[in-house]
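Asks: Based on these hints, arrange chain B on the given structure of chain A.
As a plain string of letters, each chain reads:
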Amino acid sequence: MKKQERIGRRSFLKCSASGLAAASALTGAITGGSPRSAKAAGAPEAGGRRPPSERVVIGVIGTGNLGRRHHMGILLGHDGIKERVDIAAVCDVDRNRASEAARDCMTRTGRRVAVYKDFRKLIDRKDIDAVFVVTPDHWHALIGIAAMEAGKDVYCEKPLTLTIEEGRAMVAAARRYGTVFQTGSQQRSDGTFRKACELVRNGKIGKIKRIDTVLHTVGAGQWKPAQTPPAHLDWDFWLGPAPYRDYIPSHVHYQFRWFYEFSGGVMTDWGAHHNDIAQWGLGTDHTGPVQVDGRKATFHENGPYSVAGNFDVHYKYADGVELVCHTDQQKYDDGTEFGNGIKFTGQDGWIFVCRGGRLESSIPDVKNVKPGPDDVRLYKSDNHHKNWLDCIETRKRCICDVEIGHRSVSICHLGNISMRLGRPLKWDPETEQFIGDEVASQMLSKPMRAPWHI
Amino acid sequence: MDMVASIKELATELGDNDQGVAYKAYKSLEAIATRASAPDNGPKRAKVAAELAADLNAMTKPEKDDKGKDKPRKLIHSSRTRNKIIRLLSYVAGAKEVPALAKILGDLDLREMARFALDRNTSDEATTALIKALDDEVGPCFRSGLVNALGRRKGVTALAALKSAAEDEDRQVRIVAVEALSNFADASSDALIVKATKADCPRCRARAHKARVRLAETLCRKGNKSAAKRICNAIRASDACPPQKEAAERVLKAMD
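Chains as they are written, first to last, in our numbering: chain A, -13 to 440; chain B, 123 to 378.
These are computed hints drawn from the structure, not numbers from a lab.
Quick caveat, the model's predicted, so the values are computed rather than measured.
Treat the hints with care, as some may be off.
Once the Cα atoms are required to be at most 20 Å apart in a straight line, the calculated PhoX-like pairs of lysine-lysine come out as [claimed, not checked]:
hint : chain 1 : residue 1 : chain 2 : residue 2
1    : A       : K210      : B       : K146
2    : B       : K218      : B       : K254
3    : B       : K367      : B       : K320
4    : A       : K366      : A       : K353
5    : A       : K412      : A       : K282
6    : A       : K181      : A       : K195
7    : A       : K282      : B       : K149
8    : B       : K276      : B       : K254
9    : B       : K149      : A       : K210
10   : B       : K130      : B       : K169
11   : A       : K432      : B       : K276
12   : A       : K302      : A       : K193
13   : B       : K149      : B       : K166
14   : A       : K317      : A       : K195
15   : B       : K367      : A       : K112
16   : B       : K367      : B       : K317
17   : A       : K382      : B       : K375
18   : B       : K375      : B       : K351
According to the in silico footprint, chain A covers these stretches of chain B (three or more CB under 8 Å from chain A) [said to hold, decoys possible]:
hint : segment
19   : 156 to 166
20   : 236 to 242
Negatives, chain B to chain A, calculated, CB over 10 Å [unchecked claim]:
hint : residue
21   : V126
22   : N179
23   : T182
24   : L197
25   : S200
26   : R327
27   : D361
For every residue, glycine included, the Cβ atom is placed at its ideal position computed from N, Cα and C.
Extracted from the complex, chain A is given alone in its bound form (with noise of 0.2 Å):
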């Protein structure tokens, strides 16, 4: 899809709602008789795919386990997408991974696409829309505010950021160039969870008093050997904007995960997917809490891993909501007990919900209870790259748009920094602060090596 009918889409719907004549002179202006807007507005191709100038252009950036086999399989293999979208370029600065990842259009599209290590070269191409960004969590942010900034719209995967300056950067950066942003947490695009927190709005289980959020523990990895960088991985730009450390192949490749040059661990990991479920049940999502306290908290001491391994971390929202979030199973003084998910506990009730459509609650026949007439809806989404498809045509923000990714992850962020100075802190979540302690402040941000920077 060309940028230029985005444009002219997005100004079409705007001038729609302030007027026949001027929406009667845009549409005029876009449809105007080309060959593309004829086919615009006829039928699907063969096969049901879209005629290319309504498809989006895509560039991948990162094509490991997440960018190639999830995101580019979805892209390319399913119902209702793969019609509506072109992938014309690859890119990892894993030379493998890249060619694999070509490799994979080459045999389900029949067609070649760009290879690429650098980011940059990709994003300067004006024939690509937008970008999925699937990189290590150290450098969402640097590649999505260059997409952005170029013009494109993103979908970048959880957790959105390494630290809460890059979330506000992202924030900013979005509401200045218009992007469609979807953050990947895709658990908002799943019933189960938009019915977990209806019933929640709702006040189903009366006034809430608490949320728990159970993730997995992380243990403490193995010692290993440095060794020189195999040659298809170019692994001064794979740190990229981190300290410079030596290359031990198990620290790269999905287990960055557990170093904080790289990541938040688990508490990021799967922190930013259920911590972003309890903000939508609060309905804070333009907001967080005032509170965080991490000293229950265990670091690994034999093991290479820096994140915490074990945590309960407790947060206060302003209206005195709890938010903890734990590693491990958990027992519950009502006689409950669950594993990884999340928990809401009003003054009337529980409900509890977790990934495969599981929804359990003291509502009995919970998973048949219908919504009154007068009940709060939430934003409708049960395909989280289809709605971000779809708020590309109608410019409107996405199901799990920049700022929320932002704010569900500063909750991460917060946890991390109190565990790791071992203290609890003060927050201002409308200046986005800590207050009255320094050091906790220099840590909503990390220096970058040069020349990165946001």
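Replies: Same frame as chain A, now just chain B:
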């Protein structure tokens, strides 16, 4: 064992060949440093910072050789150990530790980590050290890192250094300085940014246009709407690419 002795012993263990021993020592020192960094812990923080700074550049004791001449003194700790000490100093260092950190801005193995520590040090002394290194040190990549660090600070001293860097002889330093200037609500920086939009390098020109939009937004946020409007209108009339022109439109609309 008192805290100082404990820090000394652990600092030695940081250099142990056994990764596990070195890591445990680091975690123990990190716990000492983070606990000492609490707001109500001033004296302890100063003590920990002073000890770490002393360990950072600690030298062997003076010794005589067989002929009675002074033996050359050596650093006690390896670069790897000193790198870890700098990380620990990031939690606790204040103005007094700046000289110890500034001293190693000339060490090719350690200067990036020292710059990180100074970046996190909010004292005026740290700002001065970063500016001095920008003048004294070599290498466009390192110097652009110094510029980035200055761009995250506030105040006229950093601003003046950035304006000077925006006219540096090195292209990479110039464009990073232009980007950093956009963080400061100083309308007079626009002239330097405009100059950068006419650079020979297409990527630099594009970056300068983006910086200009950011400057307008910063000015708008800080209340200088007239300057922000003037810059936005100039961007719309310039040869900037469509996303920058659209962004300028959005900044203008946000002001209405």
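Asks: Hints first: check each against the structure and report whether it holds.
Replies: Right, here's what the structure says about each hint:
1. A:K210 / B:K146: holds (16 Å)
2. B:K218 / B:K254: With a Cα-Cα distance of about 17 Å, the restraint between K218 (chain B) and K254 (chain B) holds, given a limit of 20 Å.
3. B:K367 / B:K320: holds (16 Å)
4. A:K366 / A:K353: holds (17 Å)
5. A:K412 / A:K282: holds (17 Å)
6. A:K181 / A:K195: Holds, because 19 Å separates the two Cα atoms, which is no more than 20 Å.
7. A:K282 / B:K149: Satisfied, since the Cα-Cα distance of roughly 16 Å is no more than 20 Å.
8. B:K276 / B:K254: holds (17 Å)
9. B:K149 / A:K210: holds (18 Å)
10. B:K130 / B:K169: holds (13 Å)
11. A:K432 / B:K276: holds (17 Å)
12. A:K302 / A:K193: Given that 20 Å is the threshold and the Cα spacing comes to 15 Å, the pair holds.
13. B:K149 / B:K166: holds (18 Å)
14. A:K317 / A:K195: holds (17 Å)
15. B:K367 / A:K112: Distance of about 16 Å is within 20 Å: holds.
16. B:K367 / B:K317: holds (18 Å)
17. A:K382 / B:K375: Judged against 20 Å, a Cα distance of about 18 Å means the pair holds.
18. B:K375 / B:K351: Given that 20 Å is the threshold and the Cα spacing comes to 10 Å, the pair holds.
19. 156 to 166: Coverage by chain A holds here, the residue count being 5 at a Cβ distance below 8 Å.
20. 236 to 242: Contact hint for the segment 236 to 242 of chain B vs chain A: holds, 4 residues under 8 Å.
21. V126: At roughly 21 Å from the nearest Cβ of chain A, V126 (chain B) sits farther out than 10 Å, so the non-interface label holds.
22. N179: It holds; N179 (chain B) is separated from chain A by about 20 Å at its closest Cβ, greater than 10 Å.
23. T182: Check passes; 27 Å lies beyond 10 Å.
24. L197: Answer for L197 (chain B): holds, closest chain A Cβ roughly 20 Å.
25. S200: holds (14 Å)
26. R327: Per Cβ check, R327 (chain B) is outside 10 Å of chain A; nearest 13 Å; holds.
27. D361: holds (15 Å)
The structure fails none of the hints (numbered hints given earlier).
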